[in-house]
Amino acid sequence: MDGIHDMGGITTFGPVIPEPGYHPFHHNWQRRAFALNLLATPFLGPVDRCRHARERIEPPRYLNQSYFESWMTMVAMLSQELGFATAEEIVTGKSKFKPGLPFPAPDAEAIAAFLKGGDPAIRDVDITPAFKPDDEVRARNMEVKGHTRLPRYVRGKRGTVVAYRGCHVFPDTHAHDRGENPHPLYGVRFEARELWGDNVTRRDCVYIDLWESYLEPRAEGEA
Amino acid sequence: MSHDDHAHDHGHAHDAPPSPYHSSQRSEERNRELTEKVARLEDLLVAKGIVDRGALDRAVDIYENDLGPMNGARVVARAWTDPAYKQRLLDNATAAIAELGYGGLQGEHMVVCENTPEIHNVVVCTLCSCYPWPVLGLPPTWYKDYAYRSRVVVDPRGVLADFGTELPDDVEVRVWDSSAEVRYLVLPERPAGTEGMSEEQLAELVERDAMIGVTKVEPA
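Chain order of the listed sequences is A and B.
Heads up, the first sequence is in the UniProt record's numbering, so the first residue is 1 and it goes up one at a time.
Heads up, the second sequence is in the UniProt record's numbering, so the first residue is 1 and it goes up one at a time.
The shape of chain B in the complex, shown without the other chains (with noise of 0.2 Å):
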């Protein structure tokens, strides 16, 4: 279901418009501005002996290639299929997120939350914007606006149902506030009707946002 189709019918009104501070409202011109800055911010730091050029394009490469959503849909699809490895990551998220060859800057303190019929799960980081990059890379948009680090503790049935989810009342919901440096994947509920399907063909169904548990995963 897409963001428009549920036109907000969740049973409150809210307070707002969309945030005027959102980078879809960024002009050109302040794109144009912010360009400029950054690379007099590059040039100098570089000129300092602070930044190294070639660093930079690498880290840059390692974000947008080499972590992302697929390295956390992996070990999800690897806890549905293996019950000893879902264990271990329940038991030690950390090491047993290693065991699939990820792990790093911002995943140091691994703590896996697994939904249930009972239990949703959902992340947040209400006072800057932790996310455990080496399972998920960096957060999308909404993760770090304020609309989302501000309400979900509050209301989060209300959060969710901005992404079209929507738990009945006698799900417990979970949220998990990354206040320190522990970081958080959701191990979302297997869907129904997937049993044949091998752990590459799970993984497919992953996507990021059921992972921070603000969706569920739907049968293929």
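This is chain A alone, in the form it adopts within the complex (with noise of 0.2 Å):
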């Protein structure tokens, strides 16, 4: 799905605005907005499927929302679509009916556990990669129609494979309920002139992670 999320490659946003210090939060709402979403993630997760409805929030409404709050919007459409709560009661706050839930809500205790002991994306599946270092790839030009994790500035764009991540998650189908389907990640590398042209300097280049099927060989040298 090609959403204002995918804004890699804009540059009528303004300048950026350093920050020194480390201050996590501003308002004491954005504490209640970061942690509700993080306790609420088990239940309405996997991430995949909790990043794909912040991308689903119409342009204008994601752009003139600052992260927390797109955070809080995602909370709460997820609650409904999921059937844990109706419209009615994401309003008021009050609660009509007691929802069939998988397991308790987590307690203090393991929340620490859970964030101490993370969630890895990695899978022990037997998939040999197509792919190794110092490989010739072209990011394939494609529509999806979902959730993806290949930005639009890649897509048609020549790469060279960096390193192999191991298989992991992918998004794509586990945040539509169609499965982990792990498979090979690797890290790629673009030069900057392949993505931006020719007026951005030389050496420059970025680096991303792209599953084996964002994908396609390429003889060197193809141009």
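Bear in mind the hints are in silico, worked out from the structure with no lab data behind them.
The structure presented is a predicted model; accordingly, all values stated were derived computationally and were not measured.
Note that beta-carbon positions come from the ideal geometry of N, C-alpha and C, so glycine has one too.
Non-contacting residues of chain A with respect to chain B, defined by C-beta distances greater than 10 Å in every case (computed):
id, residue
1, Arg49
2, Asp124
3, Asp126
4, His176
5, Gly179
6, Glu180
7, Asn181
8, Asp198
9, Arg218
Here are the computed lysine-lysine pairs in the DSS-like style, where the Cα-Cα straight-line distance is at most 27 Å:
id, chain 1, residue 1, chain 2, residue 2
10, A, Lys96, B, Lys37
11, B, Lys86, B, Lys216
12, B, Lys144, B, Lys37
13, B, Lys144, A, Lys116
14, A, Lys98, B, Lys48
15, B, Lys144, A, Lys157
16, A, Lys132, B, Lys86
17, A, Lys98, B, Lys37
18, A, Lys116, B, Lys48
19, A, Lys145, B, Lys144
20, A, Lys96, B, Lys48
21, A, Lys94, B, Lys37
22, B, Lys48, B, Lys37
23, A, Lys132, A, Lys157
24, B, Lys86, A, Lys116
25, B, Lys48, A, Lys94
26, B, Lys144, B, Lys216
27, A, Lys157, A, Lys145
Quick one: dock chain against chain with the hints and give me the complex.
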């Protein structure tokens, strides 16, 4: 799905405004919005579905929300879509029914353990990777209907494999209840001029992680 | 150098004023609305049995107090003072970072990119806001804002100039777009004049922005 979230390469959002110090939250509501998102993920997830929900926010609203606001919007969206709450309940904040839940809400100890243990995306599957470092590849030029982690700015562009990262859960299917579909993930290098044309510094480049199904082989030197 | 000092005299004009949706532009009325909205959502999810309020408080406390750039700074200082550790860090960053006790959510698959006199690395997530939480905590506002996410891949030198960082033309700038679950930490160059400093003193010098790659570590 080609949405406004896929913004690599746009240059009209103005300067970046630095901010010294570690201030993860500027208002108390942001603390609550962040933690609500984190704690609801075991019920609303996987993370790929959550990312896709944010991508489905209509563009004008997406652009006019700060990140914590869009996280809150995502929690409200998925709570409704997955049948945990109604639109009316979201507006009022008053629960009118108790949903069937697969497990109880994790308590403080369970959450601390989850944050410490993490949620690895790598899977031990018996797949021989098709590419190896230094292989010349091209990112496929394709429009994906749902969630994807193949940004527009690399599609159709020539790159070079720099690393094999193992078989990782595939967001394009995992976001849509179509399985983890783990397969090879590679670090791929794209030269800046391949991506952006001749008006950029020759020696600069972008490194990005792409699944094997996002890539096709190309002969060395192929235009 | 503060942001105001360089006043964008870095050779190109910006096409738009600062983002109107930036948090500094949010009115107090809007903050009140959001406060009420999140409180209603919290009350609802607690009543539904989806969220435990004690766990909410704990999660906030962890990200405000236990995790943050001081963790990454310790990793960097260790790499600067222990060549064997640095090698392990470059070979398998997740395992080497775990040696110092850090790891977990959004740090399951770490890669460390070493800056050298020839190569400068900078990290972004153009599609959302992926960031190595265990070593840097939660990202600063600018990392999530559209100006950074959109422009650093196409104009990394211009974005670095917004931070007062100027790189010579013969340095290769590598932008790392965190498109999968791999998370990146930049290993900055150790500044000159720090030869006599302890690991703890060195860690004090290492700021978050240098580990994202938008600045360099300055000597004390």
